[in-house]
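Asks: Sequence:
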Amino acid sequence: MDILHQTVIGYAYTVIIIKPNKREAMKTEKQGNPKDIYPTPPFPKQEQAPPGVSADMRPEPDHGEETYKGSGLLKDKVVIITGGDSGIGKAAAIAMAREGADIVISYKDEVEDVDAEDTKKWIEKAGRKALLLRGDIRSEEWCKSIVGQTVATFNKIDVLVNNAAYQMTFDDITDVTAEEWNKTFETNMSAMFYFVKYAKKHMAPGSSIINTTSVNAYNPNPTLIPYAATKGAIQNFTSSLAQHFLEDGSGIRVNAVAPGPIWTPLIPSTIPDHERFGENTPMGRVGQPAEMAPIYVFLASDAASYISGATIPATGGRATI
Numbered sequence: 001m002d003i004l005h006q007t008v009i010g011y012a013y014t015v016i017i018i019k020p021n022k023r024e025a026m027k028t029e030k031q032g033n034p035k036d037i038y039p040t041p042p043f044p045k046q047e048q049a050p051p052g053v054s055a056d057m058r059p060e061p062d063h064g065e066e067t068y069k070g071s072g073l074l075k076d077k078v079v080i081i082t083g084g085d086s087g088i089g090k091a092a093a094i095a096m097a098r099e100g101a102d103i104v105i106s107y108k109d110e111v112e113d114v115d116a117e118d119t120k121k122w123i124e125k126a127g128r129k130a131l132l133l134r135g136d137i138r139s140e141e142w143c144k145s146i147v148g149q150t151v152a153t154f155n156k157i158d159v160l161v162n163n164a165a166y167q168m169t170f171d172d173i174t175d176v177t178a179e180e181w182n183k184t185f186e187t188n189m190s191a192m193f194y195f196v197k198y199a200k201k202h203m204a205p206g207s208s209i210i211n212t213t214s215v216n217a218y219n220p221n222p223t224l225i226p227y228a229a230t231k232g233a234i235q236n237f238t239s240s241l242a243q244h245f246l247e248d249g250s251g252i253r254v255n256a257v258a259p260g261p262i263w264t265p266l267i268p269s270t271i272p273d274h275e276r277f278g279e280n281t282p283m284g285r286v287g288q289p290a291e292m293a294p295i296y297v298f299l300a301s302d303a304a305s306y307i308s309g310a311t312i313p314a315t316g317g318r319a320t321i
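With the numbering used here, letter number 101 in the sequence shown gets 101, and the count goes up by one each step, no holes.
If you are wondering where the hints come from, they were derived from the structure by calculation, not from laboratory data.
Worth double-checking, as some hints may not be accurate.
As the list claims (entries may be wrong) - Below, computed lysine to aspartate or glutamate pairings styled on DMTMM-like, alpha-carbon distance capped at 25 Å:
| id | residue 1 | residue 2 |
| --- | --- | --- |
| 1 | LYS156 | GLU124 |
| 2 | LYS69 | ASP302 |
| 3 | LYS201 | ASP76 |
| 4 | LYS183 | GLU141 |
| 5 | LYS200 | ASP136 |
| 6 | LYS108 | GLU186 |
| 7 | LYS108 | GLU47 |
| 8 | LYS197 | GLU140 |
| 9 | LYS120 | ASP136 |
| 10 | LYS125 | ASP56 |
| 11 | LYS120 | GLU110 |
| 12 | LYS129 | ASP118 |
| 13 | LYS45 | ASP113 |
As the structure is a prediction and not an experimental result, all values here were calculated from the model.
When you get a sec, could you build the whole thing from the sequences and use the hints?
Replies: So this is what it looks like as structure tokens:
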């Protein structure tokens, strides 16, 4: 085991690097070049029904279970993470718990219980509390209920991570039904509005909202038209909401993260040709959820006090301008 101490963007952190015989997706012995520190395509063909589960993925994603070590950046904060059972949301939940936060996890389906319980285990192992809430965030009343249950349990909300998303691929726009279009927008965009609407009054000045957008907001995939359209909308929502909260005196910061291709259950369960997913990035590989988590921690923390209305890209080298 190697221990690496570094200081990044104004705060210190420690990364514990464990040799790759412990997890398929763990960092390899090539620690210097970011192109080489995780598995590269092609990956084995795998079948999952949406939304998919982490445990059935090969290679298994790295959520930072063995690599992320916190330093108290979010001590005693309360965080809501939608889609926090797996993928980027799970990695953010683990990292934020290790930074001292209690975590509320919103997720949709019973099949995701196994991922949600595993995330809860890691949160509690960090000495923090976890609240799991299963339901469909397309319902405004359910989003309102999640906010209410969070406040009833923890008395406040410090960080809201709007991360849950839905996507399906289509080769022809005429194959996209109105139901499919609406489901994508209701899950990816409308739910964000509902959460912000009901969480605002429980968030003190200095609180943080973090929205997950995508590289598709800049370089839309022609087979993901509904999904890409929502990500462009989220980008605009983030910018306008940040200005609104600065002008109305609420003092809530609003930012976004734009991941590139990340190895989450959404990929093998919705993308047919996932064996080479991420191969066309300049880094030549898919990103891991653990590589996204520090960005969410930073934006949630006081280290980002002068940042609002920004989108931080993490795209494996793809240009976003």
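Asks: Confirm or reject each hint.
Replies: Verification of the supplied hints:
| no. | hint | in the structure |
| --- | --- | --- |
| 1 | LYS156 with GLU124 | holds (19 Å) |
| 2 | LYS69 with ASP302 | holds (18 Å) |
| 3 | LYS201 with ASP76 | holds (19 Å) |
| 4 | LYS183 with GLU141 | holds (16 Å) |
| 5 | LYS200 with ASP136 | holds (21 Å) |
| 6 | LYS108 with GLU186 | holds (13 Å) |
| 7 | LYS108 with GLU47 | holds (20 Å) |
| 8 | LYS197 with GLU140 | holds (10 Å) |
| 9 | LYS120 with ASP136 | holds (19 Å) |
| 10 | LYS125 with ASP56 | holds (23 Å) |
| 11 | LYS120 with GLU110 | holds (15 Å) |
| 12 | LYS129 with ASP118 | holds (13 Å) |
| 13 | LYS45 with ASP113 | holds (24 Å) |
Comparing the model with each earlier hint shows no violations; every hint is respected.
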